Amino acid sequence: MSFHKRQYFIIIFLTVLIITCHPVTLFAEKIKTTIGFKSIYSSGISDTNIAYKPFGRIAYDINFFKIEATGMYTINQQITDGMGNFTEINTWQGQIKTLLTIGEFMDLGGGYSLTKGENSYTSKMYMANGSIYIGDATIDLDYSRENKGYNYNGAIDITDQTFIGSLSYDINDFIGYELEYHYLSNNFSNLDYTYDKNIVRIGMSVYGDKTVYMAGINAGTDSGDYTIFGADFGLSKKFFDAIKILLAYNIDYYNPPSVTSTSGGGHGGSNGGGYKGMNPYLRSSLAGKSFFSHSLSASLSYSF
34 MSFHKRQYFI IIFLTVLIIT CHPVTLFAEK IKTTIGFKSI YSSGISDTNI AYKPFGRIAY
94 DINFFKIEAT GMYTINQQIT DGMGNFTEIN TWQGQIKTLL TIGEFMDLGG GYSLTKGENS
154 YTSKMYMANG SIYIGDATID LDYSRENKGY NYNGAIDITD QTFIGSLSYD INDFIGYELE
214 YHYLSNNFSN LDYTYDKNIV RIGMSVYGDK TVYMAGINAG TDSGDYTIFG ADFGLSKKFF
274 DAIKILLAYN IDYYNPPSVT STSGGGHGGS NGGGYKGMNP YLRSSLAGKS FFSHSLSASL
334 SYSF
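Take the sequence shown: its letter number 105 is residue 138 in our numbering, and every next letter is one higher.
What the hints contain is simulated information worked out from the structure, not anything from laboratory work.
Here the structure is a predicted model, which means the values were calculated and not measured.
The beta carbon of each residue, even a glycine, is placed where N, CA and C say it ideally should be.
Incorrect hints may appear among the rest.
Stated by the list, open to error - Just the calculated beta-carbon pair ranges, DEER-fashion:
| # | residue 1 | residue 2 | range |
| --- | --- | --- | --- |
| 1 | ASP190 | ASP169 | 43 to 49 Å |
| 2 | TYR166 | ILE83 | 36 to 42 Å |
| 3 | GLU121 | TYR166 | 37 to 43 Å |
| 4 | ASP274 | PRO87 | 19 to 25 Å |
| 5 | THR81 | VAL233 | 26 to 32 Å |
Stated by the list, open to error - Pairs of lysine-lysine, DSS-like flavour, derived with a Cα cap of 25 Å:
| # | residue 1 | residue 2 |
| --- | --- | --- |
| 6 | LYS243 | LYS63 |
| 7 | LYS99 | LYS86 |
| 8 | LYS63 | LYS271 |
| 9 | LYS230 | LYS157 |
| 10 | LYS130 | LYS271 |
| 11 | LYS99 | LYS65 |
| 12 | LYS130 | LYS157 |
| 13 | LYS157 | LYS181 |
| 14 | LYS230 | LYS181 |
| 15 | LYS86 | LYS149 |
| 16 | LYS149 | LYS181 |
| 17 | LYS71 | LYS271 |
| 18 | LYS243 | LYS270 |
| 19 | LYS86 | LYS157 |
| 20 | LYS71 | LYS157 |
| 21 | LYS86 | LYS181 |
| 22 | LYS270 | LYS71 |
| 23 | LYS71 | LYS243 |
| 24 | LYS270 | LYS65 |
| 25 | LYS71 | LYS130 |
| 26 | LYS130 | LYS63 |
Please model the entire structure based on the sequences and the hints provided.
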């Protein structure tokens, strides 16, 4: 890691640390600081990858308004050229989020993050979210747009967009259900199409004493005409109101189309075996084949 890259990460870390330890904050009951570590394992679509993410966060809450600043360093973040090739880099991110509470029936929020890294990696993400509370039901809407670029087998520019709409309902203090719609799109500058994916998920949460159990099933399609079926499982556990453990596992099965078109210079290039509309994060060897995708994440955090 170059001197300037180390310097950028150190500045983020020290800023969070200084704010946290400043004497004024010791008397502010509405300030909460969190430090933690997260690891993510993924395989199936792309090359197998394990990423590590140490992070620090400070949040200030004044009843109707909350602001949160986060610094995160990612080791082994995977990037691709969209043509079936992958490599790993290290990145560092600074992020700020705000949330405005309007009475007891609505929340409105937004955020911005800037990420820098190796291979001239730069990412700017804009986020907006809102929640409406109707009795025991909640409607959530989340949107994000990320513009990122880096050098890997040439200059790569990507625009990612994500939209999630969900309806959740707690039937009592112990059980809740969720119905969700997920939309994801990726546009690579070196591909002449936009990849997108539409997923519907049905989930359930079971609430215990400082413990939440989560599970769900999903189904959908993508622009590569794959049919997708999946399931997810999660566990959130708190200890002493300060330590939190979060585990999450996802598995998806991708069923390929019976007929694909190789016209249009799609993923994989002229000799890569890919086709137009295919997932740019997919290994070229899997083009037109069925496969399973797995991801496992684990995080440990301490708040004070």
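query: Among the hints numbered above, which are violated by the structure, and what are their numbers in rising order?
result: The structure conflicts with no hint, since it agrees with every one listed earlier.
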